[in-house]
Every structure is written in C-alpha cells, then in structure tokens.
Amino acid sequence: MEAVIFFVGAAAALAGALGVIVARNPVHSALFLLMTLVSMSVFFLLLEADLVAIIQIVVYASAIVVLFIFVITLLGVDEKETRIEPLRFQRPLAIGFGALLFAQIVVIAGNDWATGQRSVVGPLDDDERSGNVRRVAETLFTEYIWAFEITAVLLVIAVVGGVILARRSGHRPSAEAGATS
Amino acid sequence: MNLPEITATYYLILAAMLFTIGAVGLLLRRNTLVMFMCIELMLNAANLTFVTFAKELDDIGGQAIVFFTLVVAAAEVAVGLAIIVAIFRRRPDVTADDINLLKG
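If you read the protein sequences in the order shown, they are chains A and B. The first sequence lines up with residues 0 to 180 when you count with numbering that gives the first Met the number 0. The second sequence lines up with residues 0 to 103 when you count with numbering that gives the first Met the number 0.
Honestly, the hints are just simulated from the structure, not real lab data. It is possible that some hints are incorrect.
Some but not every residue of chain A turned toward chain B, in silico, with C-beta under 10 Å [claimed, not checked]:
id : residue
1  : Leu92
2  : Asn110
3  : Leu154
Model, not experiment: these values are computed from the prediction. Virtual Cβ for every residue (Gly too), placed ideally from N, Cα, C.
Based on the sequences and whatever the hints tell you, model everything.
As structure tokens, then:
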C-alpha cells in the first residue's frame, strides 16, 4: 500500500516539477509547482512527519503559491519569453551539468554518510511525551531556541526590506520608457 | 504483482531528481518568476531529504530543521518578489536578460 502511494505521489511530484520548467505560461508553472508541493506533503505523511505535512500545505501550497500567483497577475502574464537562447551553449551545458549534478548527488550520498549516528537530537517518538507535534515543538523550543529567535529577526528584516523595496522608486514604466527611449 | 518495500533510498533518489530538475530549470528559464519557483523546488527537495533522514535515523532534529528552511524560503520569496515588482516598475518585462547591468 505504501509503495502504491509512493509511486503515484512520485509520478505527480516529478510531473509537476517538469511542468514548472516546461510550461510557457507562468500561471501554469505556479499551478504545477502547487501539484509538486501537495504531493510532497503526502511523502511527509508517509514519513510520519505530520506537523511538517500540514505546515507544507498551509505555508507552501497556500501562502507562497498564492503570493506567486498574486505577483504574476499584478505584473501581467509574460508569455513572450524568448525561446532563442542568447548564450550559445547554455541549453546543452545546462542539461549536461544537471545530469552531472544528479550523478554526483546519488554517488556521493550513496557512498558517504555524514555520521550515520542515530537519534542525536532526540528520538522521533517518546513513550512519555508522544505525538509528533509535541516532539517537534519541544525540540524547537529547547534545542533550537536560539535558531528560532534568529528566525524571528530574519522574518522582520525580510518584511521591512520588502516594504522598503515596494515603496521606493515610484517611476511609472510608461514615463520612464518615454523619457529614455 | 509484488511491489517493492519503500526504503529511504527511494525518497532520497526522488529528492535528488527534484533538486536536479530545479537546478536545470534555474539554468534554462529566463523568466525571473519561474526561476524563483525552481528555487522553491530545490528547497523542497532538501526538505524531503531532511524528513527522510529524520525517519531513517529516528531523529526529531531532521523535522525541526525543516521549519527553518521554510522560514528562509518564505523570507526569500517576500524579498525576491518585492525586487521583481521594483524592477517591473522600471522595465516592462521580467526576463533575466534585461536586468544584466546591476543597475536600475
């Protein structure tokens, strides 16, 4: 049963990932990305990471993809992306290096484990304090408390930076084009 | 029909494939929004690896790390899309070839 779910999900995830880079319309790319992200949360459920699966749906599939689609509709769908590559060997080199990268990941990761130590931070399930949400929360707020606090700083910086970038430079493209061209 | 038992290797190879597809897409596409989606794909593949090893090594740390990756992805999307919107105000399209001068 697990095998069936895995292979169906893997097919959906790979099809979605290929769709992202093949689709000409960015909206279609975003929807293919959504397909990959949802099938990824199925894998998280199979791997007994319940909280991560829910967060994947809520944050990635909802917030981030909606943000992408919002920006695409704000900017207008740009389908005139040129198929003619300005750099001569870009395409074959990109695919070649991609194959090389895949081979490297599989060979290196297959042969060398970092340590292979088990349960360094803590076991997945504890007899006394069971439940995935509880275990993850305890780890986040004890072992990783400093990283968690720095995360808050990072988010504040990102939000402030986003607001500043969006507010500054109120030039209109039409006025700019008329003045410079 | 007998199906194989799904071990961690299957998940790791799937994650490697998704990461590679994301990297190749990043090199092939010229639309900055699609390039961002490819980065999301690569981050997600890394997340899948983390969760796989959390299960394989029975370590809750692998699942906790995913949240930090998620936060970095969210911050990156917020800033990156703001940059794209700021560029779009000056230029009418969002292909990477048009922003090769590192100036507005």
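Hint-by-hint comparison with the structure:
1. Leu92: With Cβ-Cβ at 8 Å, under 10 Å, it holds.
2. Asn110: Since chain B brings no Cβ nearer than about 13 Å to Asn110(A), farther than 10 Å, the hint is violated.
3. Leu154: holds, 6 Å
The structure shown violates just one earlier hint, number 2.
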